[in-house]
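Student: For the sequence shown, the residue numbers in my numbering are 14 to 269.
Don't read these hints as lab results, they were simulated from the structure. Note that the Cβ used here is the ideal one computed from N, Cα and C, for glycine as well. A portion of the hints provided could be inaccurate.
Stated by the list, open to error - What follows is a set of in silico ranges between Cβ atoms, one per label pair, in the way DEER data are often shown:
| id | residue 1 | residue 2 | range |
| --- | --- | --- | --- |
| 1 | ASN54 | GLY109 | 13 to 23 Å |
| 2 | ASN54 | ARG80 | 12 to 22 Å |
| 3 | GLY244 | LEU132 | 36 to 46 Å |
| 4 | MET121 | ASP77 | 24 to 34 Å |
| 5 | SER209 | ASP77 | 35 to 45 Å |
| 6 | ASP149 | ASP77 | 36 to 46 Å |
Claimed, not checked - When the alpha-carbon atoms are kept at most 20 Å apart in a straight line, the in silico DMTMM-like pairs for lysine to aspartate or glutamate are as follows:
| id | residue 1 | residue 2 |
| --- | --- | --- |
| 7 | LYS253 | GLU51 |
| 8 | LYS145 | GLU202 |
| 9 | LYS145 | ASP194 |
| 10 | LYS145 | GLU206 |
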Amino acid sequence: MLTRRIIPCLDVLAGRVVKGIHFRDLSDAGDPATLAFEYMNEGADELVFLDISASTDKRGTMTDWVRSVAENLFIPFTVGGGISGPEQARDLITLGADKISLNTSAVMEPGLISRCASLLGSQAVVLAVDVKRGDDGRWEVFIRGGRTPTGLDLISWVRRGQSLGCGEILLTSMDSDGTRDGYDNRCIEAVCESVSIPVIASGGAGNTRHFIDAFNSGADAALAASVFHFGSILIPDLKKDLANAGIPVRIEEVLS
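Please construct the entire structure, taking both the sequences and the accompanying hints into account.
Tutor: Now the structure itself:
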């Protein structure tokens, strides 16, 4: 059985890691390279860095901190934010990123998914999807850091993303984001039943039970931010608890 991955997420604003609630009220959480090194040593399987103002500011992801992270990190990491073309995506991979994440730009120009996949391979292209549940019970896709509704149906969009060549879905529930009340497991289940590529659950982690529930809902990986950044959950302890609950995780590095 494939091991499930634990992925700290680092939202980057002006070269600093920040965290908020429902994508608002951001506070400083530290330096990207420093936090990346600490998470690697704690047993994180991967990291995700999202330059959260790149799309709204209409600029590309800043390269200085990407290079700095790559120099200090020996686990895979993904970079997203403001990527508007395959050449820019290739440049981030050249700087040391293992994957790139597309969100707003993919919605605005779906063909970008195919072009990036053709250039880098599907395994290097993550489709990030931020969603809110509507009054009708369906999930709507939002872009530009969760500020702009698109009218797109979540399930239709992830299926199209897979058909266009993305290799992974990063699914964030904006309703749960930062609340620590748990992932949106119904949303996770719906997406996992609709695509055959790996799904990363994001938004709402508050305790070990939430991670277990997300994995039991079909997630291949679970992403979190505030509980890791501020020490509410320690990755070595989390992995031991997951293993005890029957969730397959990589634990060799954290048992000594």
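Student: Hint by hint, say whether it matches the structure.
Tutor: We went through each hint and held it up to the structure:
The beta-carbon spacing between ASN54 and GLY109, approximately 18 Å, falls within the hinted interval of 13 to 23 Å. Restraint check, ASN54 to ARG80: a C-beta distance of roughly 20 Å satisfies the suggested window 12 to 22 Å. Hint check: GLY244 to LEU132, Cβ distance near 39 Å, so the stated range 36 to 46 Å holds. Range check, MET121 to ASP77: about 26 Å between beta-carbon atoms, so the 24 to 34 Å window is met.
Evaluation of the 35 to 45 Å hint for SER209 and ASP77 yields a pass: the beta carbon distance comes to about 37 Å. The hint said 36 to 46 Å for the Cβ distance between ASP149 and ASP77, and at roughly 44 Å that hint holds. A hinted pair counts as satisfied when its Cα atoms are at most 20 Å apart, and LYS253 with GLU51 qualifies at roughly 18 Å. With a C-alpha separation of about 15 Å, the suggested pair LYS145 and GLU202 falls inside the 20 Å cut-off, and the hint holds.
A threshold of 20 Å between alpha carbons decides the hint, and for LYS145 with ASP194 the separation of about 15 Å falls inside it, so the pair holds. Restraint check for LYS145 and GLU206: satisfied, since their Cα atoms lie roughly 19 Å apart, inside the 20 Å limit.
Violation of the numbered hints given earlier is absent; every hint is satisfied by the structure.
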